[in-house]
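Novice: Position chain R against the provided structure of chain G, taking the given hints into account.
Protein chains: 2
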Amino acid sequence: MATDYRKSYEELTERVRQHQVLDGIGSVLHWDMQVNMPPKGAHKRANQLALLSGIAHERFTSEKVGELIQLCESGNGALSEAERANVREIARDYSRATKVPHDLVVELSRQRSVTHDVWTRAREKADFAMFAPELEKLVALTKQYAEAQGYEGTPLNALIEDYEPGASVEFLTKLFNEVKAVTVPLAERVVNSSVQANFDFEKNRFTAEKQRAFGEELIYEIGFDRQGGRLDTSIHPFCSGGLGDVRLTTRYNEHAPTQALFGIIHEMGHGLYEQGVAPETYGTPLSEALSLGMHESQSRMWENYIGRSLPFWKKFYPKLQSHFGGELSGMSVNDWMLAINHVERSLVRVEADELTYDLHIILRFEIERDLFAGDISVSDLPSVWNSKFEKYLGLTPPNDGKEGVMQDVHWSGGSFGYFPTYCLGNIIAGQLWKKMNADMPTMKQKIENGDFAEILAWLREHVHKLGRRFSRDELLLKATGKPLGTEDYLSYLTEKFSSLYKL
Amino acid sequence: MATDYRKSYEELTERVRQHQVLDGIGSVLHWDMQVNMPPKGAHKRANQLALLSGIAHERFTSEKVGELIQLCESGNGALSEAERANVREIARDYSRATKVPHDLVVELSRQRSVTHDVWTRAREKADFAMFAPELEKLVALTKQYAEAQGYEGTPLNALIEDYEPGASVEFLTKLFNEVKAVTVPLAERVVNSSVQANFDFEKNRFTAEKQRAFGEELIYEIGFDRQGGRLDTSIHPFCSGGLGDVRLTTRYNEHAPTQALFGIIHEMGHGLYEQGVAPETYGTPLSEALSLGMHESQSRMWENYIGRSLPFWKKFYPKLQSHFGGELSGMSVNDWMLAINHVERSLVRVEADELTYDLHIILRFEIERDLFAGDISVSDLPSVWNSKFEKYLGLTPPNDGKEGVMQDVHWSGGSFGYFPTYCLGNIIAGQLWKKMNADMPTMKQKIENGDFAEILAWLREHVHKLGRRFSRDELLLKATGKPLGTEDYLSYLTEKFSSLYKL
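Chains as they are written, first to last, in numbering that gives the first Met the number 0: chain G, 0 to 502; chain R, 0 to 502.
Isolated chain G (complex conformation) (with noise of 0.2 Å):
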């Protein structure tokens, strides 16, 4: 009878397929909400999101789509091997949709829009007393959302669980106490080495249209296919869509340019990825990304390992020069190097340097690990998150707005657990970086050449192409030979930095 189970098999990713498209719109609605949405339209908006999650889950969640999972992982025979990994893949997001109740999915979706939209007005004014209330609402939705998930060990597990699977807390401790051992010290020596960048930005402006234009010449030169995504201006920068339609968003500061340069880089890293997907895998697990921890080793990878090293400026730095015209006169590559590559104790995570960037992300680790375990409270925020960055990064915080506990858009929308993958991201890229530079012996002249095709056919065969059909450990260990380790991102960081600061 293996007909009947190819039968459910197409059955069961129709209805996916058709999950995904809901999906698909809720996407727009965010992105058009963050980068279009006019201010009164707040209310309309959070409706649309609410209602169009609850169709979604009430869908997906229906007894025909568990009948039809059962149906194909009896037949497991007659699937083929990457079908069956849909099927497992399906069965995961059906298992954790259906320990939701519907209404909690509904109010948790339409509390994320109210609490995203009083964020951006609390955080404009640095109050965070006007944040609280809808903060405190949706944290307790989430807290109902992981007893539902159900977890072992910290409530914050179920909560990674939706970006990093098969990751905990306690995983997660072990990974980053390694970077931390090597960061701190090293950051600190090149703090204080007598090498360091000659430049002010800060005395030029560099007019946002000229920043996009050259932003958008690059990723297009690089490989991002404008025929199928776009750039453009939100608050918080992100990528959301998918094949066919990916969007980048980035932030313009016309007195320090290279935030959005190597912003617009980091995002079409994103981008890339979604770019990169089997076609003929659409809508189904297949054609999404692994986790969030792999995304974000792809965008750290064009912003950091590509974007900020000496043969990628190479090609581009006479190009970003004259396309500036006097604004980067009397700076060299060599400078410019350095100042891209400045390190310096920050206060705002987006605009942290490669070096201090894990610090920004292990202190909101820890304060999510320590909300969700109920030992400290949303009206403690201010004072835990200030402790803290004195504690790791020796500063103070001058406000609870954009320089503070307000800085970030993720707890605004209820994306708790989140911010662990960055720094995940960080270590993969490390372990992916370093096969690559064995398997692709002229990579670095080939970026000097601008060109990047070896380098995407590299990360489409070994990543991108793969979507969810094996688990992070399973990919790393078919692309690198290994299991998920440090050891290659902190050599990497090591040389790098001693090698630009003559440590």
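These are calculated hints, taken from the structure and not from any lab test.
Model, not experiment: these values are computed from the prediction.
Take these hints with a grain of salt, some might be off.
Stated by the list, open to error - Using 30 Å as the maximum straight-line C-alpha spacing, the simulated BS3-like pairs for lysine-lysine come out as follows:
1) G:K179 x G:K501
2) G:K495 x G:K433
3) G:K314 x G:K445
4) G:K98 x R:K63
5) G:K387 x G:K142
6) R:K202 x G:K209
7) R:K98 x G:K63
8) G:K39 x R:K464
9) G:K434 x G:K445
10) G:K209 x R:K39
11) R:K209 x G:K209
12) R:K173 x R:K142
13) G:K314 x G:K495
14) G:K314 x G:K434
15) R:K142 x R:K63
16) G:K464 x R:K39
17) G:K209 x G:K445
18) G:K39 x R:K209
19) R:K434 x R:K401
20) R:K173 x R:K477
21) G:K481 x G:K433
22) R:K401 x R:K179
23) G:K209 x G:K313
24) R:K63 x G:K63
Specialist: This is chain R only, laid out in the frame that chain G set:
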């Protein structure tokens, strides 16, 4: 048992509100498709819109909604007059929706997206053969739709009913003949008048950026709420969304600045209608525009009756001149008045003047009528278009693209029977305008002072806030003391152009 009827009414309107929320999502997706979406996103967007239409249709046409309507109708005595009107309109929508098979709804939505997408490319290449196959499919599906709805007389009547309840080919033909009888000879006299504008916008460049900035300043000064709306760019200008989030679009021609300028004022007229609905009726028919003809009466009133009048430009022309710097120097406000009211036989509807505009509409209306009666087929469209154009406007279209049969978006989106509402809007505006002048003797002085509060209040009171509470004729009877007729419109045209051109 009055309380039971009330409970049914609350339940019914809650379901209708959900339907409107889904409609609102569709509106964002459509807007995005025309303003932002990259080309390769078309297929995915078509799937999104089709699935959304299907879900909305399925939920709205459920038996439960039918039962609630019946309950509310039988308990009419327990409801207020406004509530009874709401039930009447919901019943109308339900009846129309349940007549269409679910599969046809989904198929029509998908085909609309596909045909629209092909149209954007075929229009660019002026390649009707590229467009025809997808248009044929859309016409065939739309004919099925008309049959499902049922009609008296010709199939187009079933389609018109979606845009202009209570109108028919026969009724419209009568009105349009009255219009033609006056405007054709009047246009002839204007074209032959010795008084003519002395202007040549072509020789200067009016940057899109300056046009946009002035247009935005203007609409916010008139009273368009920028906290609940925005202005963007698209191939075909439109207004979408509703209270809280009204979106206007336009397009810029840097050598014909009046196109975008009056386009923006026109769309603002639509937007003011949407922003003027009664907030407490949100999500029900009472918060929806009465008909497209009534909608168009608002856009044409602001664009032509107010926007192309001398009092308006006595206020704004100095601002316009200083905004553009040298580009308008040497042109007096009287020259400007002749320039913006210049009459000529032209190829493109959206660039047509106030006087010949109706001829563009009548031509399309006749083609739609014959296409749906089966007297002509899709492949005949270019030749029928061209021969009617020669007959009514004395011009031979040079191509089938932007200056020919593919110039308008409407047919590509399946909006057949929509065009006559433009001419109807002109006629309705004429009737309202006459009464506004009688009710507000100092209105023109107030326009000259840039004070639009009284006008907006009149329109909100007599049109905007009523939504679909009354029929078109009931509304006009209440507002102007008589049912719809062409007399006031034709007097207005005759007086305006006789005076301007000293006939």
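Novice: Now tell me, hint by hint, if it's right for this structure.
Specialist: Going through the hints against the structure:
no. : hint            : verdict
1   : G:K179 x G:K501 : holds, 21 Å
2   : G:K495 x G:K433 : holds, 13 Å
3   : G:K314 x G:K445 : holds, 10 Å
4   : G:K98 x R:K63   : holds, 28 Å
5   : G:K387 x G:K142 : holds, 23 Å
6   : R:K202 x G:K209 : holds, 29 Å
7   : R:K98 x G:K63   : holds, 28 Å
8   : G:K39 x R:K464  : holds, 19 Å
9   : G:K434 x G:K445 : holds, 16 Å
10  : G:K209 x R:K39  : holds, 27 Å
11  : R:K209 x G:K209 : holds, 19 Å
12  : R:K173 x R:K142 : holds, 25 Å
13  : G:K314 x G:K495 : holds, 19 Å
14  : G:K314 x G:K434 : holds, 23 Å
15  : R:K142 x R:K63  : holds, 29 Å
16  : G:K464 x R:K39  : holds, 18 Å
17  : G:K209 x G:K445 : holds, 27 Å
18  : G:K39 x R:K209  : holds, 26 Å
19  : R:K434 x R:K401 : violated, 38 Å
20  : R:K173 x R:K477 : holds, 23 Å
21  : G:K481 x G:K433 : holds, 12 Å
22  : R:K401 x R:K179 : holds, 25 Å
23  : G:K209 x G:K313 : holds, 20 Å
24  : R:K63 x G:K63   : holds, 23 Å
In summary, the one numbered hint that this structure violates is 19.
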